[in-house]
Amino acid sequence: MQVVFQITSAASDAQLAMLGQLHNLLQYTDERKTRIAVEVVVHGQAWNLLLAAQNPLSEKVQVLHTRSVRFLICQNTLNSRQLPLEQLLPFVEVVPAAIAHLIERQQEGWAYIKC
Amino acid sequence: MQVVFQITSAASDAQLAMLGQLHNLLQYTDERKTRIAVEVVVHGQAWNLLLAAQNPLSEKVQVLHTRSVRFLICQNTLNSRQLPLEQLLPFVEVVPAAIAHLIERQQEGWAYIKC
Amino acid sequence: MQVVFQITSAASDAQLAMLGQLHNLLQYTDERKTRIAVEVVVHGQAWNLLLAAQNPLSEKVQVLHTRSVRFLICQNTLNSRQLPLEQLLPFVEVVPAAIAHLIERQQEGWAYIKC
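Which chain is which? The protein sequence lines are A, B and C, in order.
When the letters of the first sequence are read in order and numbered with the numbering used here, they come out as residues 398 to 512.
When the letters of the second sequence are read in order and numbered with the numbering used here, they come out as residues 398 to 512.
When the letters of the third sequence are read in order and numbered with the numbering used here, they come out as residues 398 to 512.
Just so you know, the hints here were simulated from the structure itself, not pulled from any lab data.
There could be a bad hint or two in this list.
No distinction is drawn between identical chains; accordingly, a pair holds when it is met within one copy or between any pair of copies.
The list that follows gives simulated cross-link-like pairs (lysine to any residue, SDA-like), each with its CA atoms no further than 25 Å apart [as the list claims (entries may be wrong)]:
no., residue 1, residue 2
1, K430, R467
2, K430, H498
3, K457, Q484
4, K430, S477
5, K457, S406
6, K430, L475
7, K430, P493
8, K511, A449
9, K430, L416
In isolation and in its complexed conformation, chain A is listed as follows:
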């Protein structure tokens, strides 16, 4: 299983819902010993999910990272917010264009979940 999530919302209820879905998904694949690759593409308003400081959800994000979920932020989002990458959690990776990455993954056969 291969899946890319997209989140653009800054709202904590939307972000919490996604983190819960990721938790449930990994529990499902763990129980069935199914291999899964998971990426979360963060852009638009959702960058606060990845802040290193003053982020009430950072612990949950870190736990998912230790369970192999990759968190990707869009370079366009960093630029338009003048947000330095250093303010984000240290394991966050950058993609040049969020939408382009979502397209490429789908055309490589990954599933897509819009949050």
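With chain A held as given, fit chains B and C onto it using these hints.
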């Protein structure tokens, strides 16, 4: 044609919009005598769409069911709401994890529509 | 690359966000000399994005059209709003059922982005 819809919203306007889309879709495929498989995965806040009682949309859901649309609820949603399956419409089916099901269907070649 | 966008929202912030994503996407593919086909399927509440008159976003839509983005409106949306096609930008194309088009494109291998 094979498609899986995802709905997570409790709002009646979002639910009505989806039911209208399903109606239009089945009209399209009926007119063209095209075979279609349709599943609706209900999770998060959207469980009220499937209630057997005190549900103003239940009749529309039942009509779609008689036209072969399958309605699936997530076991995690039932658990977290302490919602007994008996309170839902009798034809509702259960999947262990909504997101896992959406991934599997896409990787089997089904299209995905997020509501 | 082949991608179909879906937009159903009348809100200008949602519409602007999508137009920005399209702009960023085309910049990405231009820089890499990657060929891309892009369609935007407009239905539900989002028809105002395609109005020819009194539409603050029409210029941005036209620029994207000149860069080969196709804008498609759903016939069901035109019917239910009693909206004449003549009130829309002249390059707008019509599909009989928005959801059916989104399914067909995905099953032809196009990626899908829900706005």
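Original post:
When no copy is named, should K430 and L416 be tagged within, between, both, or neither for a Cα gap of at most 25 Å?
Top reply: For K430 and L416, only the intra-copy Cα distance (21 Å) is at most 25 Å; the inter-copy one is 36 Å.
Original post:
When no copy is specified for K430 and R467, does a C-alpha distance of 25 Å or less occur within a copy, between copies, both, or neither?
Top reply: within (19 Å within a copy, 28 Å between copies)
Original post:
Between copies, within a copy, both or neither: which fits K457 and S406 at Cα up to 25 Å?
Top reply: So K457 and S406 pass the 25 Å test inside a copy (17 Å) and across (23 Å) alike.
**OP:** Since the copies are identical, ignore which copy is meant and state whether K511 and A449 lie within 25 Å (CA to CA) inside a copy, between copies, both or neither.
**Re:** within (24 Å within a copy, 28 Å between copies)
Subject >> Homo-oligomer pair classification [H498, K430; C-alpha up to 25 Å] >> reply: Answer is between; shortest inter-copy Cα gap is 16 Å, intra-copy 28 Å.
Subject >> Intra/inter-copy verdict for K430 and P493 if alpha-carbon distance must be at most 25 Å >> reply: Only across copies: K430 and P493 sit 15 Å apart there, 33 Å inside one copy, limit 25 Å.
Original post:
Between copies, within a copy, both or neither: which fits K430 and L475 at Cα up to 25 Å?
Top reply: Close across copies (24 Å), not inside one copy (37 Å); limit 25 Å.
Original post:
Given a CA cutoff of 25 Å, do K457 and Q484 count as a within-copy pair, a between-copy pair, both, or neither?
Top reply: within (17 Å within a copy, 33 Å between copies)
Original post:
What label fits K430 with S477 when the C-alpha limit is 25 Å: within, between, both, or neither?
Top reply: So K430 and S477 pass the 25 Å test across copies only (24 Å; inside, 41 Å).
When the structure is compared with the earlier hints, no violation turns up for any of them.
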